[in-house]
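**Q** The listed protein sequences derive, respectively, from chains A and B.
The first sequence maps to residues 1 to 322 in the working numbering.
The second sequence maps to residues 1 to 290 in the working numbering.
Hints were generated in silico from the structure; no laboratory data involved.
Remember, it's a predicted structure, so these values are computed and weren't measured experimentally.
Treat the hints with care, since some could be wrong.
Said to hold, decoys possible - Which residues of chain A face chain B? A partial, calculated answer using Cβ under 7 Å:
(1) L31
(2) A121
(3) E124
(4) I128
(5) T132
(6) G286
(7) L289
(8) M290
(9) L296
All C-beta atoms in this analysis are idealised placements derived from N, C-alpha and C, irrespective of residue type, glycine included.
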Amino acid sequence: MSSALRVAAPIAAFAALFALAPLAVASDAWLNFIVLALFGALMAQSWNVLAGFGGQFSFGHAVFFGTGAYAMAVLQVRFGVNAWVALPVALASGAAVGVFIGALTFRYGLRGSYFALATLAFAEIFRILANTFQFTGAGAGLQIPLTKSPATLQFDARAGYLYVALAFVVAGLAVAGWLKHSRFGAWLQAVRDNEEAAQALGVDVYRIKLGAIAISGATMAAAGAFYVQYLHYIDPALAYGPHYSVEALVGALVGGVGTVWGPVVGAFALHLLSDLTRNAFGDVPGVNLMIYGALLVLIVMFAPRGLAGLLAALAARLRGSK
Amino acid sequence: MLELSILWPSIANGLATGAIYALVALGLTLIYGVLHIINFAHGAALMVALYGVQLLFTRFGVDPYAAIVVLVPAMFGFGYVLQRFVIARASHGKDENILLVTLGIAIVLENLALVLFTADTRTIETRWSLATIDIAGAFIAVPKAVAFVGALAAAAILLALMARTDLGRAIRALARQRHGAKLVGIDVEHVFAMSFGIGLACLGAAACFLLPAYYVNPTVGNGFVLVAFTIVVLGGMGSFAGALVGGLLIGVVESVSGLYLGESLGQIGIFVIFLLVLMFRPTGLFGSKA
Numbered sequence: 001m002s003s004a005l006r007v008a009a010p011i012a013a014f015a016a017l018f019a020l021a022p023l024a025v026a027s028d029a030w031l032n033f034i035v036l037a038l039f040g041a042l043m044a045q046s047w048n049v050l051a052g053f054g055g056q057f058s059f060g061h062a063v064f065f066g067t068g069a070y071a072m073a074v075l076q077v078r079f080g081v082n083a084w085v086a087l088p089v090a091l092a093s094g095a096a097v098g099v100f101i102g103a104l105t106f107r108y109g110l111r112g113s114y115f116a117l118a119t120l121a122f123a124e125i126f127r128i129l130a131n132t133f134q135f136t137g138a139g140a141g142l143q144i145p146l147t148k149s150p151a152t153l154q155f156d157a158r159a160g161y162l163y164v165a166l167a168f169v170v171a172g173l174a175v176a177g178w179l180k181h182s183r184f185g186a187w188l189q190a191v192r193d194n195e196e197a198a199q200a201l202g203v204d205v206y207r208i209k210l211g212a213i214a215i216s217g218a219t220m221a222a223a224g225a226f227y228v229q230y231l232h233y234i235d236p237a238l239a240y241g242p243h244y245s246v247e248a249l250v251g252a253l254v255g256g257v258g259t260v261w262g263p264v265v266g267a268f269a270l271h272l273l274s275d276l277t278r279n280a281f282g283d284v285p286g287v288n289l290m291i292y293g294a295l296l297v298l299i300v301m302f303a304p305r306g307l308a309g310l311l312a313a314l315a316a317r318l319r320g321s322k
Numbered sequence: 001m002l003e004l005s006i007l008w009p010s011i012a013n014g015l016a017t018g019a020i021y022a023l024v025a026l027g028l029t030l031i032y033g034v035l036h037i038i039n040f041a042h043g044a045a046l047m048v049a050l051y052g053v054q055l056l057f058t059r060f061g062v063d064p065y066a067a068i069v070v071l072v073p074a075m076f077g078f079g080y081v082l083q084r085f086v087i088a089r090a091s092h093g094k095d096e097n098i099l100l101v102t103l104g105i106a107i108v109l110e111n112l113a114l115v116l117f118t119a120d121t122r123t124i125e126t127r128w129s130l131a132t133i134d135i136a137g138a139f140i141a142v143p144k145a146v147a148f149v150g151a152l153a154a155a156a157i158l159l160a161l162m163a164r165t166d167l168g169r170a171i172r173a174l175a176r177q178r179h180g181a182k183l184v185g186i187d188v189e190h191v192f193a194m195s196f197g198i199g200l201a202c203l204g205a206a207a208c209f210l211l212p213a214y215y216v217n218p219t220v221g222n223g224f225v226l227v228a229f230t231i232v233v234l235g236g237m238g239s240f241a242g243a244l245v246g247g248l249l250i251g252v253v254e255s256v257s258g259l260y261l262g263e264s265l266g267q268i269g270i271f272v273i274f275l276l277v278l279m280f281r282p283t284g285l286f287g288s289k290a
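Go ahead and model the full structure; you've got the sequences and the hints to work with.
**A** Laid out in structure tokens, this is it:
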């Protein structure tokens, strides 16, 4: 019980702190910053569930992002479904695509680099399909009607979006905390650390991996659904292009994979950095991702455990020197 | 059913593109075979080489085919430095790390190109850009025909290098037995970097043959990355013969499926082949390793 409390207390504190943000922060630009950082944290947490806890590195995480976004947009635009009803469907489609990809790749034993490349190929296939069919708006994309009414999951003020994003991030943190302390999480981490050993000890490796990719897919789809509600528009390149695959991956790696808080730390650090560079270089397209790429190389070279690992090492040193 | 008079030109064009694919895939399979790493930055490196050819032509009027003498050594040096000073240091002995680092390099190169050259697609126009020749009833653009012959010649040089020289012997020894190679006095780090350099040098040559019949923009490498991986997986990881045959085969499949399915959906054929081969025959057509 006390271990559950140790996980829940910081998450509750985090939720309370950011719930107060709209009251304390008047600047619209800063609220937007917080919303986008939370959005990044959600994607990074999704990648972290599959790669950090499960050891399955995805290079095409946009496949889930785009599926959530398109489910949200298509249901509203083509079928007139209310956004609050569409949202759980979007999450479920993300999980379903996860299970579909997982069933095809894990059953045939794709691991490591091969799994990474396979996810990338799936993202490309989905992008081409979304680009081809009129149903998804083809190359022109889909625009959802602007209502700015909470009844359709749209808000006049940024605070509304902040609360939605915050709710998802808190749910993501709870999932990560659960993975750290539950039996399923222990199985998943055993699969990550040594698949053969886990199998020999009776862990149903295939089903554990399927569970992880379903959770990860639903989480990433939530980010995609949020994107559509926040920016009211989606097209194939935004949905299934490499940008969000990269942001999810770099955010998690910078923060520290396989930890509960790493993705949140990483996403906020990334967004701070990209804001600083935007101030320094202006809005030149490409600068942002260039820095993400360089950061990725540097992190893997010098701090493979991410910022969370650096902080832990620092704390250990301080304690040791006392 | 389509008539042979439509099918044959499509196949001939596919063979020409396939020869370039084969050259790109040879570089990739060499790097994989020796270093056992998947070079995700392969497409981005090809993009860099294509910009090199384009700039040499527009700024200095260097003929793309003459640019080979600049591009091949330049790409070799780039690859050597990249492997020796960046990739080797970042691996910490884990395959995923190498994949992540090469992904990072690809992102940096791609977006650097976006910052420097904008997203515009560029082509070059030489005197013979629009010339065609008649090959058994199919009119093929001259740059494509040159690309076919040139890419196969470059592949032949690479294979001779691997079979006949001391460097080639060292590379093959290292691919087979890392510790054994070290014991007989092979400088492992140096030969690794040489292999990576040669892998990228293939891209230098490929870019020179490719650009007159193709285009360049910052994301042009993305298409080639998956195609090259498909070929390498199809041919068997590390197999030179597999890369050659696989390259030509994929070129034809792409061209013919484009004919039947249209440009946009035609691309899917390659990704589907890629996934199917990964799932059902991960050792490829020529591979022996599990």
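**Q** Could you run down the list of hints and mark each one as holding or not?
**A** Hint by hint, here is what the structure shows:
no.: 1; hint: L31; result: 28 Å, violated
no.: 2; hint: A121; result: 5 Å, holds
no.: 3; hint: E124; result: 5 Å, holds
no.: 4; hint: I128; result: 5 Å, holds
no.: 5; hint: T132; result: 5 Å, holds
no.: 6; hint: G286; result: 3 Å, holds
no.: 7; hint: L289; result: 4 Å, holds
no.: 8; hint: M290; result: 4 Å, holds
no.: 9; hint: L296; result: 4 Å, holds
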